[in-house]
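Asks: As a plain string of letters, each chain reads:
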Amino acid sequence: ETGVTQTPRHLVMGMTNKKSLKCEQHLGHNAMYWYKQSAKKPLELMFVYSLEERVENNSVPSRFSPECPNSSHLFLHLHTLQPEDSALYLCASSQERGGGGEGTSYEQYFGPGTRLTVT
Amino acid sequence: GDSVTQMEGPVTLSEEAFLTINCTYTATGYPSLFWYVQYPGEGLQLLLKATKADDKGSNKGFEATYRKETTSFHLEKGSVQVSDSAVYFCASDSSYKLIFGSGTRLLVRP
Numbered sequence: 002e003t004g005v006t007q008t009p010r011h012l013v014m015g016m017t018n019k020k021s022l023k024c025e026q027h028l029g030h031n032a033m034y035w036y037k038q039s040a041k042k043p044l045e046l047m048f049v050y051s052l053e054e055r056v057e058n059n060s061v062p063s064r065f066s067p068e069c070p071n072s073s074h075l076f077l078h079l080h081t082l083q084p085e086d087s088a089l090y091l092c093a094s095s096q097e098r099g100g101g102g103e104g105t106s107y108e109q110y111f112g113p114g115t116r117l118t119v120t
Numbered sequence: 018g019d020s021v022t023q024m025e026g027p028v029t030l031s032e033e034a035f036l037t038i039n040c041t042y043t044a045t046g047y048p049s050l051f052w053y054v055q056y057p058g059e060g061l062q063l064l065l066k067a068t069k070a071d072d073k074g075s076n077k078g079f080e081a082t083y084r085k086e087t088t089s090f091h092l093e094k095g096s097v098q099v100s101d102s103a104v105y106f107c108a109s110d111s112s113y114k115l116i117f118g119s120g121t122r123l124l125v126r127p
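Chains as they are written, first to last, in the working numbering: chain A, 2 to 120; chain B, 18 to 127.
Hints may be right or wrong, so weigh each one.
[Claimed, not checked] Every beta carbon over 10 Å from chain A, so not counted as near; a handful from chain B, in silico:
{"no.": "1", "residue": "Val28"}
{"no.": "2", "residue": "Thr45"}
{"no.": "3", "residue": "Arg126"}
[Claimed, not checked] Per label pair, the in silico range of CB-to-CB distance:
{"no.": "4", "chain 1": "B", "residue 1": "Tyr47", "chain 2": "A", "residue 2": "Lys42", "range": "28 to 34 Å"}
{"no.": "5", "chain 1": "A", "residue 1": "Val56", "chain 2": "B", "residue 2": "Thr22", "range": "22 to 28 Å"}
{"no.": "6", "chain 1": "A", "residue 1": "Ser39", "chain 2": "B", "residue 2": "Pro127", "range": "28 to 34 Å"}
Hints listed in this document are in silico derivations from the structure and should not be mistaken for laboratory results. These figures come from a predicted structure and were not determined experimentally. For glycine and all other residues, C-beta sits at the position ideal for the given N, C-alpha and C.
Given these sequences and hints, build the entire structure.
Replies: Below, the structure is given as structure tokens:
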């Protein structure tokens, strides 16, 4: 148990559906992340929120829409997905970086992931 | 840009064998370094970390030493168990995010 929960754990959706993934962290962190993990590909960082503001969007298609209403919750809204979007979607959280120097680490804590299958 | 390179897998070992998974990094500044482990069907779990040169991170019998001169952070364990079978990821922190290696699958046979 890492203190980061994700729901649902498994999701099957058609290409015309709209669904949302939810992530919640109970660690008092103020930065949250969405990653995509596909078979035989490196972990892909999709979005980063720091202090509830989006600070990175790695050229992710607009059919993925993140939302961070507060520092404890992160959503990923999905619509008109493609079969190649099938993957494990991981959420993570960490402390926001406040200018710490050498010796300061900002490890991320991951949820168990949502296994998404697009049919 | 910053990057992390780790050895290709899979690594297949017999129980009680010695494990080494190599990891090297390129970075500006002074990154912290991490090893994460992912068991089947789960998310990534932090295994150990080191925040500055010559630090040794350790946990559950695994160790890794931050070597600035060789820009390396190799993961070692003296005697692996079947339950250590998983995918291991090396990572460094850069700005506001982690840079991950591609992962190394470890399979331990009884």
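Asks: Per the hint of 22 to 28 Å, is the separation of the Cβ atoms of valine 56 of chain A and threonine 22 of chain B within bounds?
Replies: holds, 26 Å
Asks: Is the Cβ of arginine 126 of chain B more than 10 Å away from each Cβ in chain A?
Replies: holds, 22 Å
Asks: Given the hint of 28 to 34 Å, is the C-beta distance from tyrosine 47 of chain B to lysine 42 of chain A inside that range or not?
Replies: Holds: the Cβ-Cβ distance is about 29 Å, inside 28 to 34 Å.
Asks: Against the range 28 to 34 Å, how does the distance between the Cβ atoms of serine 39 of chain A and proline 127 of chain B compare: consistent or not?
Replies: holds, 31 Å
Asks: Is the Cβ of valine 28 of chain B more than 10 Å away from each Cβ in chain A?
Replies: Non-interface label on valine 28 of chain B holds, nearest chain A Cβ at 16 Å vs cutoff 10 Å.
Asks: Verify this label for me: threonine 45 of chain B is non-interface relative to chain A, using a Cβ-Cβ cutoff of 10 Å.
Replies: holds, 13 Å
When the structure is compared with the earlier hints, no violation turns up for any of them.
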